[in-house]
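J.: So the chains spell out like this:
Number of protein chains: 2
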Amino acid sequence: MATTYFSKRNLHFLLHEVFKAEELTKYDYFSAHDRETFNLVIDSATYIADTLMHPYLKEVDRNQPELKNGQVTVHPKIREYLKAMGEAGLIGAGFSFEHGGQQLPEMISSCVGFIIMAANNGMMYTGLTSGAAHLITSFGSPELNEAYVPNLLAGTWQGTMALTEPQAGSSLSDVTTSATPLPDGSYKIQGQKVFISAGDHDAAENIIHLMLARIDGAPKGTKGISLFVVPKYRPDGQGNFVDNDVTSTGVYHKMGQKGVPAMHLTMGSNDNTIGYLVGQPHQGLPYMFQMMNEARIGVGMTAAAISTAAYYAALEYAKERPQSRRLNQKNLLDSPQTPIINHPDVRRMLLFQKAVTEGSLSLLLEAARLYDISEVAEGEEKENAFLLLDLLMPVAKSYPSEMGVQSVSQSVQTFGGYGFTEDFPVEQLYRDIRITPIYEGTTGIQAQDLLGRKITMKGGKAPQLLFAEISKTIAEASTHDDLKPYADQLTTELKRIQEVLASLLPFAQQGEIERYLSDATLFLELFGIVVVAWQWLKQAVVAKQTLLTQNPQGDEQSFYEGKIHTMKFFFHYEVPKTLGLAVRLKDPEVLTIVTEKELAL
Amino acid sequence: MATTYFSKRNLHFLLHEVFKAEELTKYDYFSAHDRETFNLVIDSATYIADTLMHPYLKEVDRNQPELKNGQVTVHPKIREYLKAMGEAGLIGAGFSFEHGGQQLPEMISSCVGFIIMAANNGMMYTGLTSGAAHLITSFGSPELNEAYVPNLLAGTWQGTMALTEPQAGSSLSDVTTSATPLPDGSYKIQGQKVFISAGDHDAAENIIHLMLARIDGAPKGTKGISLFVVPKYRPDGQGNFVDNDVTSTGVYHKMGQKGVPAMHLTMGSNDNTIGYLVGQPHQGLPYMFQMMNEARIGVGMTAAAISTAAYYAALEYAKERPQSRRLNQKNLLDSPQTPIINHPDVRRMLLFQKAVTEGSLSLLLEAARLYDISEVAEGEEKENAFLLLDLLMPVAKSYPSEMGVQSVSQSVQTFGGYGFTEDFPVEQLYRDIRITPIYEGTTGIQAQDLLGRKITMKGGKAPQLLFAEISKTIAEASTHDDLKPYADQLTTELKRIQEVLASLLPFAQQGEIERYLSDATLFLELFGIVVVAWQWLKQAVVAKQTLLTQNPQGDEQSFYEGKIHTMKFFFHYEVPKTLGLAVRLKDPEVLTIVTEKELAL
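Protein chains in written order, with the UniProt record's numbering: chain E, 1 to 601; chain H, 1 to 601.
No wet-lab data here; the hints were simulated from the structure. Incorrect hints may appear among the rest.
Each computed DSS-like pair below joins lysine-lysine, with the alpha-carbon atoms no more than 27 Å apart [to be verified]:
hint: 1; chain 1: H; residue 1: K586; chain 2: E; residue 2: K495
hint: 2; chain 1: E; residue 1: K258; chain 2: H; residue 2: K58
hint: 3; chain 1: H; residue 1: K58; chain 2: E; residue 2: K586
hint: 4; chain 1: H; residue 1: K495; chain 2: E; residue 2: K220
hint: 5; chain 1: H; residue 1: K484; chain 2: E; residue 2: K586
hint: 6; chain 1: H; residue 1: K577; chain 2: E; residue 2: K568
hint: 7; chain 1: E; residue 1: K484; chain 2: H; residue 2: K58
hint: 8; chain 1: H; residue 1: K495; chain 2: E; residue 2: K586
hint: 9; chain 1: E; residue 1: K495; chain 2: H; residue 2: K577
hint: 10; chain 1: H; residue 1: K58; chain 2: E; residue 2: K68
Here are a few chain E residues that sit away from chain H, every Cβ distance over 10 Å (derived from the structure) [as the list claims (entries may be wrong)]:
hint: 11; residue: D184
hint: 12; residue: T247
hint: 13; residue: P286
hint: 14; residue: E375
Note that CB positions come from ideal geometry on N, CA and C, so glycine has one too.
The whole structure should be built from the sequences, with the hints applied where relevant.
T.: Okay, structure coming up:
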């Protein structure tokens, strides 16, 4: 078992040196905090991760939840972890004081998510609870808040997001779960939901589903979907809780993240499931979408966390495992074997992992920072932050997920045959991370969101704002001779994106949306590489300035030089991939749009 | 469970129409065969695959071998399968009549491997037995042949390749298992082997290890390694078999291919393990290497087979699963949802899978054909075939493995959330295929073999021969107006490879081997794309000619048009990746060679 699963040094570098998290405390809402309280929260999460999570990484995977006699049993440590997270205030870290939270920035609460998911992503329970509770605090009545939020934030109750139905996976307009008004203002719920993470288990005393359903007579499509609180046990109005007729119909057995049950739930088997409307009727989807950015940061963080844990396992192994001699010393059979980190190919794989994982984390903290500003700032600052966040969101969800899958694959490869065995954690992490390009909107859907909505909204203002931000970093980098070539390269990459858009946008203008979006996934990939290149240049600028002004020594010097080196790696190995992507994206040949004449696939 | 796991139509197309397998029967050695006997063998393998293998795909995965009281128990169907394969003559398909085989070309026996691995790769037993028996028939004494080969080919005994040791994974020069001569000409064996696939199990009556060991006093390094037959039960000279002190120390639990036990074996715990020298002392490694091409074709085939099975599962699902509306019809909420195959992004993923899997199979059959010619032809024809095969081998092993991993990942993605569950076979196939870039020399090692040995051997004659072969295909394609642009593109790609080599070879000439090979894996990737582009153009030429001359209708027309369409897909989506790879490979910046000054990774 790898002993290191994330780098607190790197987290501090990004939070404090690159993104200057403390600047957020200038806003009233965050003014109770400072750098020290931020670090205390991180330390508190690390303690829980070290003691209650990481030691059970394998165990939680090996003992997957089973449904027996209608009851789902999960690993006993889950209850301890939920309780500890609640007691440390970490489930409510991002909630306002008014709602019993710590009123911390998303930047900090997403770091908590990063740490605990790096420790043991099979214990992915509290992020779901936070998300569900946040829907109630944002849109629910005072009664709903009072009835549900305190127990959720305490970790005694579990929250879920109950969107997906068997016939409506990615297509929420086809949701059919029904809600029939009752005289007391509540609703009778009937329907089925699938893939509900933590949708039932015995580590919480109650399960609170934030569920999409359609009120009888509601308009078709997404405009007729409402949001409900549907508890497993509902209050009977006399201080007791009664069974709410939410049946666990099945638990999916999965390739990874086995610690979290993905439930198939049936509401209303006995015509006795009650739901409580959150906010206004037919506003379910807009409500969900307002939470989507937070949820997608969460998935991106989970992916970045898993790939980080795999990277440190691979790095540790590569430093310790002797195998063969260096390529220029092949004939020295008397010399001892060299640690595999000294083979260029292994070093390339490790640098790839470092570039992907630390680049992803940087992008996610950038997104979290924008989220915070969009929440607490005012006027143009708020609006611009929101636009930028909206644009970056599909990338911040997909890049860590898609590239994380590849990164963990390289972690497995670093171990050779051992990587395929259960003796080391990487095979599990390889299985675990594969869900992240699917959760919360697949990569294909993120790509359509980016190219189909975010690029063009408000007359293309969001990419303008982004390019202005990137240009600031380019200007800073250009003042250092050794960073200037990379700044210039990034300028070229921005032009490349503009050229690609110039060749695609006419299709959108002509209403040929299918054609416009046919290679959207490749555009997302291209855009992701450039955005992460920007994050690396940003890190390199800070590292360079620190080396120049503070002259750090030893490990610290090596840390900063490693940042610059990895930035170079990213530009020399990852950025050239944009060439082929741009060629394809500008290519007029259409090969994926279905025609009358069907081909044999 | 997907009902289709490979396409016999495609196999026949490649075997008979593209590679004209029957032409091999002009050689004396294969003259007993014709197209009909080839097809009978394929049908026979299909029957076993359909009845004894595919139905147990999940079961074999769910019930992984366990070591209890020194005995490894495997799924009971394995014994039936071994027996059926032996009785059908499929374990000995490629062996000479003299050795009790069917004297079939590798082209055909590798198709057998493809079919059975597509059906259930967790039953990967007989390929190992063939490989072990082949070492005995090629280099062993008549006594060894008589004592071991018949039972191996009958499927009653299991063969293994016992190379890897705990301290010597990829570095065979560091093998330490010892062999001490005994007065009767046999050897006492002492040591440990790890990752020995099928290294012990109860579905065979005896396990025959083809084991590398070092005779006392042998030279250091690879020049002192000898090959031995080390049985689990050895003949006592009086017609009985006695325990040979080969202890099953452990069974690795693995992420995938769970049906095959990967054993940790200890020889000589009681100082009573006897081995029998195969061929001459100190020739173990050359012997193994002569079998290596066959073994690597086998791994490539396994990868192509797994990704093919995943592709057909995804294709079937995409045709049946309705979800959302086409992008130009988003507002038609009254219309039914469309099958996801009609979404361009899903179609792109499926075409990618088809392009990778059928391109890989084509390349592997090309390699098998060259193998056959190199075995039975004479003079220059033989020599050229051998050189070409040697050059293509690292690609034919790595491309199907590396790209197969990506292809199966896209199969998972096609299923969305369901792909992550055990309800469909793709999650298992995703786990299974991950070992193939590690087996029989990791991708990094294949890359060093390609760039470090194969490109430069005999003054670069092998790439010259390859380029001449590719040029023939280019010339054929150029006669068709609609294929000519792709022929021209392939010419450009050949130039690109030459440019890359021109920039790299000076390092080799200056003895800077580490520098020369530092990005060898990227060169292998580049080379693989171009070689598979050639295979696709080859297929497209045949499809085009058939469409022109035979005017096929219905499904047949659609089959051939699908081939041309997929060729185009490969050139428009995969080939542009060479641009970025070439930029990196010609880039003078070195970032992966270890220097005095250590960086923080």
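J.: Each hint should be assessed against the structure and marked as holding or not.
T.: Hints and how they fare:
1. A C-alpha spacing of about 23 Å is found between K586 (chain H) and K495 (chain E), which places the hinted pair at or below 27 Å, so the restraint holds.
2. For the given pair, K258 (chain E) sits about 18 Å from K58 (chain H) by alpha-carbon distance, which is consistent with the 27 Å threshold.
3. Between K58 (chain H) and K586 (chain E), the direct Cα distance comes to roughly 43 Å. Violation of the 27 Å bound is thereby established for this hinted pair.
4. Taken as a hint, the K495 (chain H) and K220 (chain E) pair is broken in the structure, with Cα atoms around 57 Å apart against an allowance of 27 Å.
5. With a C-alpha separation of about 21 Å, the suggested pairing of K484 (chain H) with K586 (chain E) holds against the 27 Å cut-off.
6. At roughly 20 Å between alpha-carbon atoms, K577 (chain H) and K568 (chain E) fall within 27 Å of each other, so this suggested pair holds.
7. Our distance criterion of 27 Å between C-alpha atoms is broken by K484 (chain E) and K58 (chain H), whose separation comes to about 55 Å.
8. A distance of roughly 23 Å separates the Cα atoms of K495 (chain H) and K586 (chain E); the hinted pair therefore holds under the 27 Å criterion.
9. For the suggested pair K495 (chain E) and K577 (chain H), the alpha carbons sit about 19 Å apart, so the restraint of at most 27 Å is met.
10. Taking the CA atoms of K58 (chain H) and K68 (chain E), the gap is about 22 Å. The hint holds against a cut of 27 Å.
11. For D184 (chain E), the shortest C-beta to C-beta distance to chain H comes to about 32 Å, beyond the 10 Å cut-off, and the non-interface label holds.
12. The non-interface label for T247 (chain E) is consistent with chain H: the shortest C-beta to C-beta separation is roughly 19 Å, beyond 10 Å.
13. No Cβ of chain H approaches the Cβ of P286 (chain E) within 10 Å, the least distance being about 17 Å, so the stated non-interface status holds.
14. The non-interface label for E375 (chain E) is consistent with chain H: the shortest C-beta to C-beta separation is roughly 30 Å, beyond 10 Å.
Consistency note: the structure conflicts with the earlier hints numbered 3, 4, 7.
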